[in-house]
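Residues per chain, in single letters:
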Amino acid sequence: MSDLDSPSVPDLDGASSVEVRTSASPALIPTIRAVASDLAARADFDLDAISDLRMAVDEACATLVDIAAARSSLLCTFLVRPDRIEVHAVVETGNADVKVSTDTFGWRVLQTLADDVAVDHAASADDSGSTVGIKLTKHAGDLPR
Amino acid sequence: MAEPATQDPNARPPRSAEALGLDVDHPRPDAAVLAVSGELDTLTAPELDAALRELVAAPHALLVVDLSGVTFLASSGLAVLIQAAHRAEDSDRPLHLVVTARAVRRPLEITGSDQLFTLHADLATALGH
Numbered sequence: 001m002s003d004l005d006s007p008s009v010p011d012l013d014g015a016s017s018v019e020v021r022t023s024a025s026p027a028l029i030p031t032i033r034a035v036a037s038d039l040a041a042r043a044d045f046d047l048d049a050i051s052d053l054r055m056a057v058d059e060a061c062a063t064l065v066d067i068a069a070a071r072s073s074l075l076c077t078f079l080v081r082p083d084r085i086e087v088h089a090v091v092e093t094g095n096a097d098v099k100v101s102t103d104t105f106g107w108r109v110l111q112t113l114a115d116d117v118a119v120d121h122a123a124s125a126d127d128s129g130s131t132v133g134i135k136l137t138k139h140a141g142d143l144p145r
Numbered sequence: 001m002a003e004p005a006t007q008d009p010n011a012r013p014p015r016s017a018e019a020l021g022l023d024v025d026h027p028r029p030d031a032a033v034l035a036v037s038g039e040l041d042t043l044t045a046p047e048l049d050a051a052l053r054e055l056v057a058a059p060h061a062l063l064v065v066d067l068s069g070v071t072f073l074a075s076s077g078l079a080v081l082i083q084a085a086h087r088a089e090d091s092d093r094p095l096h097l098v099v100t101a102r103a104v105r106r107p108l109e110i111t112g113s114d115q116l117f118t119l120h121a122d123l124a125t126a127l128g129h
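As they're listed, the protein sequences go chains A and B.
Using the UniProt record's numbering, the first residue of the first sequence is number 1, and each one after it goes up by one.
Using the UniProt record's numbering, the first residue of the second sequence is number 1, and each one after it goes up by one.
In short, the hints are calculated from the structure, not lab data.
Only a predicted model underlies this, so the values are computations on that prediction, with no experimental measurement involved.
Heads up, some of the hints might be wrong.
[Stated by the list, open to error] Just some of the chain A residues that point at chain B, by a computed CB distance under 8 Å:
{"hint": "1", "residue": "ALA27"}
{"hint": "2", "residue": "PRO30"}
{"hint": "3", "residue": "ALA43"}
{"hint": "4", "residue": "LEU47"}
{"hint": "5", "residue": "ASP52"}
{"hint": "6", "residue": "VAL98"}
{"hint": "7", "residue": "ASP103"}
{"hint": "8", "residue": "PHE105"}
Just so it is clear, CB atoms sit at the ideal spot from N, CA and C, and this is done for glycine as well.
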């Protein structure tokens, strides 16, 4: 589980890690998806996979910012592995009842774009609020479907 | 809508809402072309939606949306394009799209929504030249 306040970077097995923390605002999502696109390009992803990751990250962040508490932050962590990039985006929500809607057009697009996608909801330890996150994985080239 | 752009003269040009370009042209009396440039995401989709509603409300027989200048297309942008295609279809007019960039072609293809539009590689082809 991710903790927004965790200062430590987990053991990475040789993967590189990049964290981007912004205000949970739609205006900053272009910056996050630009980071995603840059990381994928440097990791030699094929052009379709770069495009897919950029869209998937945009979709995940837009979904989360939409349900984030006012004046909270969005934390997006990228783990760059030799054959794939794993993304975990997390926001704070005002209460534990806030859920990601998975019956939307955007969610279907996200599922199509990413090789693997999952939602995680977590109540914070001190009961001051909750976090909602989306984890997604994108491989460097097209997997056989 | 979006915050006004910063006035800092050293600031890079904004890349979101403020930068969306929407230009309407009538290269022929029976054709209306909406040229879009910039990034189509949750910030800019409402602007595109308004422009598309105007385009489809026009009486022109040939409706073209030129997406050559679009550098990013999210599901929110795609959704308003799909809605516009359905509205155009209601008046028996297909919505013609000019698509040149991977950033636009890929989302259309991967969602299968390319089937809802008539796609063209350039504006001249869309206009039947």
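Hints broken by the structure, by number, lowest first? 3, 6 and 7
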